[in-house]
Amino acid sequence: MNWTKEEIRQIALRQSAADHGCSPEDFEASEHRFFPAGIRGNARVYLTEPAILDVTTYGPNAVVTCDPALTDGVRELLERDPEFWQLFAPEGTHDLDALLAPFGAGLSFAVSSFLPDPEEIGRFSGTSPFRMRILGPEDFAYLYRPEWSDALCEKRRELDRIGAGAYDGDVLVGLAGASQDCPDMMQIGVNVLPAYRGLGIGAALTNRLAREILDSGQVPFYSAVWANVRSVGNAVRAGFRPAWASLSAVRIPERKEQTGKKEEY
1 MNWTKEEIRQ
11 IALRQSAADH
21 GCSPEDFEAS
31 EHRFFPAGIR
41 GNARVYLTEP
51 AILDVTTYGP
61 NAVVTCDPAL
71 TDGVRELLER
81 DPEFWQLFAP
91 EGTHDLDALL
101 APFGAGLSFA
111 VSSFLPDPEE
121 IGRFSGTSPF
131 RMRILGPEDF
141 AYLYRPEWSD
151 ALCEKRRELD
161 RIGAGAYDGD
171 VLVGLAGASQ
181 DCPDMMQIGV
191 NVLPAYRGLG
201 IGAALTNRLA
211 REILDSGQVP
221 FYSAVWANVR
231 SVGNAVRAGF
241 RPAWASLSAV
251 RIPERKEQTG
261 KKEEY
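Heads up: the sequence shown is residues 1 to 265, going by this note's numbering.
Each hint should be verified, as a subset may be incorrect.
What the hints assert, rightly or not - Distance ranges between label pairs, derived from CB positions:
| # | residue 1 | residue 2 | range |
| --- | --- | --- | --- |
| 1 | ARG145 | GLY198 | 20 to 28 Å |
| 2 | ALA110 | PRO194 | 42 to 50 Å |
| 3 | GLU6 | VAL236 | 44 to 52 Å |
| 4 | GLU83 | GLY136 | 44 to 52 Å |
Source of the hints: derived by calculation from the structure; they are not laboratory data. We treat Cβ as the ideally placed atom computed from N, Cα and C, and that holds for glycine.
Hey, can you work out the whole structure from these sequences and the hints?
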C-alpha cells in the first residue's frame, strides 16, 4: 500500500483525538485546547483510567486533558511563555509537579513519538548482517522473556500482532515487535542482545517491520524518552521522524509504566 506523509499524520491525529476526547483539528489550532479527563472509546488500550493530566503537542499548540480543578493552573503555566514547549523542560515539569502535589499526583512519563516517513522508509539502505524473518503470534509463545520485553508485552500478549527477528544461525539475536495499541496503529518496540548491538540490527528490524505494517494498511509508531539518544537514533535511521510529544500524570500510588516499550538495540 502506498502512503503519503499526510495520510499517516492524519491517522495519528485521529488517534490522538480519540485519546483526548477532542477533534484532530484541535492539535493544529493557534491556541491551547483543554478537555476534561475521561475514559475514551477507541483510546490506546493502555489508557484504561482517566489521566489526571495529559498534555500532547504536534507543534502548533498544546492539547490538555485534565481534572477540571487543574485547568486554570496548567493554562497559566502554558501561557506564561510563548515558547510553550518549555513546559516539557525541567523547569516546566518541576512546576507541573508542584501543581499536581496537592492532588496526590505526579508526572508519570514524558515521551517523544515518531511516525514513518514513507520516502525515508523506502530509501533505507541499512542491512542486518544476520538473516531476518517475519514472525507472527504463533512464534511468540516462547519469547516472553526479559531480553525481549520491549518488543513483546507479556501482560498484553493478545495485542502482539507481528514481529521481525534477526538470527545468528538458529539463535534469535534481535527482535522488533508490534502491538495493536489502537484500531489503526501499531506500536513498535525492539530489543537486540547486548553482544550484537551497534551492528545496525535494530534499525534494519524496525524498518522491515514498519514496511510490513504499512503494507497491511496500518500505521506504525515508535515512542522513546527524549533523552534515550540511542533509541531516538534508531528511529531516525529506520526512516521515522518526530511527530508528537506528550507527558502525563497519575495519582502517585498508581504511578506505573504506561507505554509498555523501552527500545534497546
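Hints, one by one, checked against the model:
1. Checked against the given bound of 20 to 28 Å, the beta carbons of ARG145 and GLY198, roughly 22 Å apart, stay inside it.
2. Judged by the Cβ atoms, the range 42 to 50 Å given for ALA110 and PRO194 is violated: they are separated by roughly 26 Å.
3. The given range of 44 to 52 Å is broken by GLU6 and VAL236, whose C-beta atoms sit roughly 20 Å from each other.
4. GLU83 and GLY136 have their C-beta atoms about 46 Å apart, which keeps the hinted 44 to 52 Å range intact.
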